[in-house]
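Residue numbers (this note's numbering), protein chains in the order written: chain Z, 1 to 303; chain C, 304 to 503; chain G, 504 to 708.
In short, the hints are calculated from the structure, not lab data.
Incorrect hints may have been included.
[What the hints assert, rightly or not] Chain C side only, calculated, beta carbon under 7 Å to chain G, not exhaustive:
(1) L330
(2) P364
(3) A367
(4) A370
(5) V443
(6) A446
(7) S450
(8) D472
(9) H475
(10) V486
All C-beta atoms in this analysis are idealised placements derived from N, C-alpha and C, irrespective of residue type, glycine included.
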Amino acid sequence: MIELRGVTKAWPGGAGVQALDLSVPEGECCALIGPSGCGKTTTLRLVNRLVEPDAGSIRIGGADALKQDPVHLRRGIGYVIQEGGLFPHRRIGANVATVPALLGWNAARTRARVEEVLTLVGLDPARYRDRWPHQLSGGERQRVGVARALAADPPVLLLDEPFGAVDPLRRAQLQAEVLSLLKHLRKTVLLVTHDVQEAVRLGDSVALMRGGRLVQHAAPAEMLAHPADGFVAEFLGADRALTRLGLFRIRDVPRDAATVAGEALPEATTLRDALSAMLERGVRAVPVTEGGALTLEAVLRSR
Amino acid sequence: MRWTWRNLDTIGAALGEHVLLVGAALLLAGVVALPLGVLVARRPLWRAAVLGASAGLYSIPTLALFALLVPLLGLGFRAALLALASYAMPVLLRAVVTGLEGVALAVREAADGMGLTPRQKLWQVELPLALPSVLAGLRVAVATLVSAATVAAYIGGGGLGVLILTGLDQGHTEKILVGATLVCALALAADVALRRMQRA
Amino acid sequence: MIGWLRANPDAFLDALLQHLALSVSGLLIGVALALPAALLLARRPVLAEWASAGAGVLRTLPSLAVLAALLPLLGVGFTPSVVALALLALPPVLLHALVGLRGAEPAAVEAARGMGFTPLQSLLRVELPLALPQVFAGLRTAAVQVVSGASLATFIGGGGLGDLVTQGMALLDIPQVQVGGIAIALLALATEGGFGWLQRRWERA
Chain Z
1 MIELRGVTKA WPGGAGVQAL DLSVPEGECC ALIGPSGCGK TTTLRLVNRL VEPDAGSIRI
61 GGADALKQDP VHLRRGIGYV IQEGGLFPHR RIGANVATVP ALLGWNAART RARVEEVLTL
121 VGLDPARYRD RWPHQLSGGE RQRVGVARAL AADPPVLLLD EPFGAVDPLR RAQLQAEVLS
181 LLKHLRKTVL LVTHDVQEAV RLGDSVALMR GGRLVQHAAP AEMLAHPADG FVAEFLGADR
241 ALTRLGLFRI RDVPRDAATV AGEALPEATT LRDALSAMLE RGVRAVPVTE GGALTLEAVL
301 RSR
Chain C
304 MRWTWRNLDT IGAALGEHVL LVGAALLLAG VVALPLGVLV ARRPLWRAAV LGASAGLYSI
364 PTLALFALLV PLLGLGFRAA LLALASYAMP VLLRAVVTGL EGVALAVREA ADGMGLTPRQ
424 KLWQVELPLA LPSVLAGLRV AVATLVSAAT VAAYIGGGGL GVLILTGLDQ GHTEKILVGA
484 TLVCALALAA DVALRRMQRA
Chain G
504 MIGWLRANPD AFLDALLQHL ALSVSGLLIG VALALPAALL LARRPVLAEW ASAGAGVLRT
564 LPSLAVLAAL LPLLGVGFTP SVVALALLAL PPVLLHALVG LRGAEPAAVE AARGMGFTPL
624 QSLLRVELPL ALPQVFAGLR TAAVQVVSGA SLATFIGGGG LGDLVTQGMA LLDIPQVQVG
684 GIAIALLALA TEGGFGWLQR RWERA
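Chain Z on its own, in the form it takes in the complex:
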């Protein structure tokens, strides 16, 4: 787990972090969000001590991060940045093997692990291992960036706008894949993003920052339903109720037994899409493939 207590960092130009308390439980993903200059990236970089705090304590997995050698600390934390930050002069295999090499793993173990993590992120090792970063698409580079961060199997990962450089069509799929992978691996994740949709979709909790302070830290559905103040409400957007419906699926709400005409929706459909289907068809209920019907009233009651 990651635990920040009273962490303060002042920059000469402002945009620091003030008395920040934030904790991310083991195996969960916390999405840090806020307008630019709110301190979210600084917060992330405080965790692996690319930025040194002026005051406060930082604990990772129960150990005091500030008492460790920063270089040693970083080798135990996965770090993914926009565009991946791959080393352009090293092949994909060597890029992924960076931290294992720093930790002195032997060649056989490193090689096996490189294959394993490349496979995990959905890249065929035989095809990609010997390529150069510039030969890959933005999305592929990002996957390599994730593989590289996972190589030494760190319990904690820091992701800084990891999907920013991926084209919008592929982004949603990559987000879903990476997050389900990190969930499956039980990683504790701190994710910085400026995209509300990304934050609520990926975060078990969302931490909204403004001017170096934490404004609200809550589960996405909770924050969308009860924004702490006008700033949070505005930042989440006027369509926050719709955004929230996107977090629930038909299977999450009670269904009506009545038979309704029309094309049926699978119960994995989000309530947002189901509502959209009702609007499109001009009806107050849609049939569900698995049986029964979803009514407009059920959607409205879900809030």
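Knowing the structure of chain Z, use the given hints to seat chains C and G on it.
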């Protein structure tokens, strides 16, 4: 051509001296430029001062630099070597600094974030990525040195310039042409070789 | 040094004026050859490629070797020195001008054609103005090279500030050597700085 055939050993020795002078000056310049470049590349104030001073040094004409250094260093190979090295140093320094500056911030951040020590980052990431720029600088430095080393004969540095200058003194056309041709050939050969290296 | 200057003001002035005469003539001739050549070559990619390669070779040749190699052809004195300096000025101007002319914004050239400019009109009124910053950068490099090269003219009897250095060395007159050295260095730095200043002013305008 009779003079040439009778003096092949003198010519060979002059060529050897020229290459030695260039090689030694290059080495000396590199030994100063590399650490200095690494030191100033990430320090904007130092960087501006050091690069400005070295650009000034580089734009001083060869003969003027030699004329100013002779009272300090005297004549001979050592003086010529120091003068030449101070000529090549600015070129290499600029190349190192530009190369290091060209390393993308994201790449440096990633290196830090993964726990490379500053030294590991320098040797494993930054310097390899600065290499193309350094090679380009090396090419310019070698061309400059081959040219300046010709003039170095004037302050007793030896080399092919000796053939040219004594030839000019004695009105010995063949000697002048042999010296001039060889020094041009050397400059072009070095340039071609370094360009190959740049492409590889 | 000051003592030497006080004692020999005429010798110094003569050398300086000769140096300037050498440099200006060499630079002007070089530019007069390089610019029309660049304009002629701009539309002929293959020839331009060859000319660039040739200029690249010429630029690599040591100045003293160029000066010395001309001696058997042209003898000693002012004229062969100017010819050699023109040869030094030519490559940078030609290379920069070619880069500038060939790098002209394709959209601007396309627009000029679309508005009915003849190729010659387009070259002179659109492409050349767009290439001017590059041409000027080439001019700056050439000027510094020529001022620097002119100090070597003394070796083939061309005169200039280099004379002060060589005469001083022959007479073991260190102050004279220093005056020569400092004067050459200052002239080169002033040329570099002056052209740089003009370049920045122009870019701002």
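Now the hints, each set against the structure:
1. L330: Result: violated, 20 Å to nearest chain G Cβ.
2. P364: The hint holds - P364 (chain C) has a Cβ within 7 Å of chain G, the shortest such distance being about 4 Å.
3. A367: Interface hint status for A367 (chain C): holds (4 Å vs cutoff 7 Å).
4. A370: 3 Å, holds
5. V443: Given a least distance of 10 Å, the restraint on V443 (chain C) is violated.
6. A446: 5 Å, holds
7. S450: 4 Å, holds
8. D472: 9 Å, violated
9. H475: This interface hint is violated because 10 Å lies over the 7 Å limit.
10. V486: Holds. Min distance 5 Å.
Hint violations for this structure: numbers 1, 5, 8, 9, all remaining hints satisfied.
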